[in-house]
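A.B. asks: In the numbering used here, the protein residues as written are 8 to 692.
In short, the hints are calculated from the structure, not lab data. Note that CB positions come from ideal geometry on N, CA and C, so glycine has one too. Some clues are possibly wrong.
Said to hold, decoys possible - Pairwise CB distance ranges (calculated):
id	residue 1	residue 2	range
1	S573	K376	54 to 62 Å
2	D678	A413	36 to 44 Å
3	H671	D460	39 to 47 Å
Claimed, not checked - List time: in silico PhoX-like cross-link candidates among lysine-lysine, alpha-carbon distance up to 20 Å:
id	residue 1	residue 2
4	K362	K219
5	K517	K456
6	K212	K258
7	K390	K677
8	K236	K212
9	K510	K456
10	K406	K135
11	K661	K677
12	K87	K661
13	K362	K236
14	K89	K390
15	K135	K212
16	K376	K334
17	K87	K390
18	K517	K579
19	K230	K219
20	K219	K236
21	K648	K565
22	K212	K270
23	K376	K362
24	K89	K406
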Amino acid sequence: MTARPATPRPITPHPIAPRLITPRLITRHLAPLALAAALLAGCASPTHKPGGLPDGSRANVAILETTDIHSNVLSYDYFKLKDDPSVGYERTATLIRRARMEFPNNFLFDSGDTIQGTVLADYQAQVKPVACDEELAIYQAMDLIGYDGGTAGNHEFNYGLPFLSQVTGTPMNVDGGHRDRCAGPHFPLVLSNVYSARDGQPIFKPWAVVEKSIEAYTPDGSKLSVPLKIGIIGFTPPPILEWDKQNLAGKVTVSGVVEAAKKYLPQLQAQHPDLVVAVLHGGLNTADYTADMENGGWYLAGVPGIDVLLLGHSHTQFPGPRYAGMKDVDAERGFVRGVPAVMGGFFGKDLGVVKLALDRQQGRWVIDKEHTHSEVRPICPGKHDCVPADAAIAPVVAKAHQAAVAYVNTPIGESTLRMSSYFADEGNMTALAPVNAALRDYVMAELPKLRPDLAGLPVLSAAAAFRTGFGGPDDYTDVPPGPLTLRNAADLYYYPNTLTAVKVDGAGLKAWLEQSARRFNRIDPALAGEQPLINSRYVGYNFDQIQGGIAYAIDVSKPAGERIASLTYQGKPVTPQQQFVVATNNYRASGGGHFPGLDGGNIVLAAPDGAREILARWLQRHRRIAATDLPPRSWHFVPLKTRGEVVFNGASGKQAIARDAGLHGIRQLKDHGDGTATYAIDLSR
8 MTARPATPRP ITPHPIAPRL ITPRLITRHL APLALAAALL AGCASPTHKP
58 GGLPDGSRAN VAILETTDIH SNVLSYDYFK LKDDPSVGYE RTATLIRRAR
108 MEFPNNFLFD SGDTIQGTVL ADYQAQVKPV ACDEELAIYQ AMDLIGYDGG
158 TAGNHEFNYG LPFLSQVTGT PMNVDGGHRD RCAGPHFPLV LSNVYSARDG
208 QPIFKPWAVV EKSIEAYTPD GSKLSVPLKI GIIGFTPPPI LEWDKQNLAG
258 KVTVSGVVEA AKKYLPQLQA QHPDLVVAVL HGGLNTADYT ADMENGGWYL
308 AGVPGIDVLL LGHSHTQFPG PRYAGMKDVD AERGFVRGVP AVMGGFFGKD
358 LGVVKLALDR QQGRWVIDKE HTHSEVRPIC PGKHDCVPAD AAIAPVVAKA
408 HQAAVAYVNT PIGESTLRMS SYFADEGNMT ALAPVNAALR DYVMAELPKL
458 RPDLAGLPVL SAAAAFRTGF GGPDDYTDVP PGPLTLRNAA DLYYYPNTLT
508 AVKVDGAGLK AWLEQSARRF NRIDPALAGE QPLINSRYVG YNFDQIQGGI
558 AYAIDVSKPA GERIASLTYQ GKPVTPQQQF VVATNNYRAS GGGHFPGLDG
608 GNIVLAAPDG AREILARWLQ RHRRIAATDL PPRSWHFVPL KTRGEVVFNG
658 ASGKQAIARD AGLHGIRQLK DHGDGTATYA IDLSR
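Given only the sequences and the hints, what does the whole structure look like? Please build it.
C.D. replies: Okay, structure coming up:
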């Protein structure tokens with residue numbers, strides 16, 4: 008099960024196959040090789056077998072990591088149709104080349120969420136799917152740089168197992184899986200905790216071993232060339248069965264990351280690797296461990312036999328201040344429970360680097376933790392200080408990129424109003440209203456055909472703003488008045504979710520809204536100082552805002568779970584037993600976000616259509632969108648007079664957008680000079 012050693016390919020896009028060495032070939036060339044070795048002994052580093060390397064020898068090795076690239080191959084924003092130097096693998100590639108110059112001994116791995124996330128990705132997966140002999144643009148770019156291995160993240164499964172099997176070049180014994188080996192990345196992908204429901208075997212190789220020659224130094228200072236074998240084992244978040252239920256149910260099973268590690272590490276260790284690197288698409292969570300834990304990195308670090316931990320999924324950086332104070336975590340030097348670890352950002356914004364100091368002890372390599380540390384290197388150390396793009400990347404993906412740009416420019420209508428998410432957390436629903444209107448119309452048309460017994464129930468729709476500034480001041484949806492194209496639909500609905508409808512009662516509807524309202528901190532009206540409105544630990548894409556005839560208020564002075572007030576439908580109070588059908592997406596309906604009552608058991612409609620495609624068709628049918636075509640704003644804050652300022656961060660200079668959307672209690676307090684600003688909101692208005 009050991010993979011063929013990976014060879015870095017910094018220049019050539021297509022690797023050269025290694026020459027096969029046979030016993031006859033060795034015998035025939037033994038004498039000339041011995042003579043050549045003798046002649047070159049004085050001018051070349053001698054090569055030693057691992058067992059012959061003396062104790063006390065040392066080597067420095069860099070483990071490089073990318074993660075959550077999300078198919079951001081180029082530094083380009085397909086929604087704004089302009090360059091964006093703050094993202095893009097083509098700039099990460101520059102950091103990789105520089106790191107390789109700095110650390111001749113290096114290995115490069117990817118921690119997943121690689122093939123989904125941009126218009127380019129959707130185009131190659133859904134609009135004009137790549138053929139079996141075609142390689143995805145992101146893999147073409149990665150192969151140009153040369154990787155030693157990677158794993159699959161949760162978003163690898165968004166386009167279904169047949170597509171994943173094809174584009175990774177991995178025959179899979181699953182429904183729809185490819186039996187032929189199609190074009191895929193030129194490096195091993197490993198995944199140990201997802202298994203075929205047919206035979207119980209992993210759908211990817213659970214582990215692999217890669218080997219390279221490195222330079223080491225003996226105690227007397229002599230330089231040697233020695234082989235270093237690194238074993239890699241991969242993991243994805245177990246909740247993929249909830250998040251991609253439509254693609255995965257009945258086809259695969261999933262285990263916890265710790266369980267998978269304990270199952271397959273003995274097999275990997277039997278290959279006698281010098282080091283074992285766990286490549287996890289997951290972050291860190293110190294809550295009690297469960298087999299379906301989304302971010303199990305803290306517990307994985309505690310499994311004996313793992314020497315280095317590569318993290319992802321959380322769209323943040325480790326080491327970094329977010330993890331300061333976490334139990335048994337060194338958030339400055341990059342250790343998790345004594346294991347060197349790194350998480351290299353997202354969207355190609357960063358490169359993760361683990362600088363390993365290796366010491367030879369008792370015939371094996373041991374990590375010298377005192378001289379080992381991790382760091383995250385950004386492509387943009389400053390707002391206007393970004394590394395240049397690697398010039399070799401763009402030409403390789405130019406054809407696919409141009410086709411994607413042409414696709415998103417397809418006209419579908421026009422709008423008379425601005426639809427933006429700059430102040431979605433504060434009540435501007437202009438970017439959510441068209442999504443809710445489109446999904447609701449779809450369910451109202453399809454439900455009577457599929458479930459006539461539910462045809463008389465009220466239909467609501469829930470949507471969340473996917474882009475609320477998490478990725479920086481440009482990470483917002485913003486569709487100005489004027490012509491609408493497919494890129495506007497993609498901006499309004501960022502992810503390739505499918506539409507799913509669920510049946511809930513009034514109590515369940517209120518619980519849904521209460522969970523969403525955790526987006527806000529509890530505000531004390533009596534405090535004189537500033538209080539942040541937004542709970543930064545509760546992600547924006549879990550703040551569902553529901554429309555379709557209901558109205559409600561959010562009281563941020565109350566504790567979480569007690570904030571929804573005056574919940575009505577068609578002007579009348581919602582009763583706990585009242586029945587509703589709510590249009591949402593497959594992620595939420597199947598348990599994504601851990602909303603009470605949403606676990607896949609109350610789904611009444613699972614559409615084959617993507618939410619984004621449904622929205623695009625809705626916009627096309629209406630041709631010209633005005634405010635009267637959209638459902639009215641459904642919620643507001645309970646009026647609250649506070650002694651001190653209630654503040655939040657957002658993109659700078661957008662106060663007029665809030666005012667035009669009817670939010671008159673918002674004013675900018677401070678421009679930070681980096682595209683962001685602090686705003687105050689008057690909750691009494």
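A.B. asks: For every hint, state whether the structure bears it out.
C.D. replies: Checked hints:
1. At about 57 Å, the CB distance of S573 to K376 agrees with the hint of 54 to 62 Å.
2. In this structure the hint that D678 and A413 lie 36 to 44 Å apart at CB holds, the actual value being about 37 Å.
3. In this structure, H671 and D460 meet the distance hint of 39 to 47 Å, their C-beta atoms being roughly 45 Å apart.
4. Distance restraint check for K362 and K219: the Cα-Cα separation of roughly 17 Å lies within the 20 Å cut-off, and the hinted pair is therefore satisfied.
5. About 28 Å separates the Cα atoms of K517 and K456, which puts this hinted pair outside 20 Å; it is violated.
6. Our distance criterion of 20 Å between C-alpha atoms is met by K212 and K258, whose separation comes to about 17 Å.
7. Straight-line distance between C-alpha atoms of K390 and K677 comes to about 18 Å, which keeps the hinted pair within the 20 Å bound.
8. Simply put, K236 and K212 have alpha-carbon atoms about 17 Å apart, close enough for the 20 Å limit, and the pair holds.
9. Restraint check: the Cα-Cα separation between K510 and K456 comes to about 16 Å, which is no more than 20 Å; the hinted pair holds.
10. Of the supplied pair hints, the one linking K406 and K135 holds, its CA atoms being roughly 13 Å apart against a limit of 20 Å.
11. Between K661 and K677 the CA atoms are separated by roughly 12 Å; this keeps the pair inside 20 Å, and the hint holds.
12. Pair hint K87 plus K661 holds up; C-alpha atoms about 17 Å apart against a cutoff of 20 Å.
13. As the CA atoms of K362 and K236 are separated by approximately 17 Å, the hinted pair is consistent with the 20 Å bound.
14. As the CA atoms of K89 and K390 are separated by approximately 17 Å, the hinted pair is consistent with the 20 Å bound.
15. Between K135 and K212 the alpha-carbon distance is near 29 Å, which puts this suggested pair outside the 20 Å criterion.
16. For the given pair, K376 sits about 18 Å from K334 by alpha-carbon distance, which is consistent with the 20 Å threshold.
17. For a cut-off of 20 Å, the pair hint linking K87 to K390 stands: about 19 Å separates their Cα positions.
18. Between the alpha carbons of K517 and K579 the distance comes to roughly 14 Å, so the proposed pair stays at or under 20 Å and holds.
19. Taken as a hint, the K230 and K219 pair is honoured in the structure, with Cα atoms around 16 Å apart against an allowance of 20 Å.
20. Among the hinted pairs, K219 with K236 is consistent with the structure: their alpha-carbon atoms are about 7 Å apart, no more than 20 Å.
21. Straight-line distance between C-alpha atoms of K648 and K565 comes to about 14 Å, which keeps the hinted pair within the 20 Å bound.
22. Distance restraint check for K212 and K270: the Cα-Cα separation of roughly 13 Å lies within the 20 Å cut-off, and the hinted pair is therefore satisfied.
23. Taking the CA atoms of K376 and K362, the gap is near 10 Å; set against the 20 Å cutoff, the hint holds.
24. Between K89 and K406 the alpha-carbon distance is near 17 Å, which keeps this suggested pair within the 20 Å criterion.
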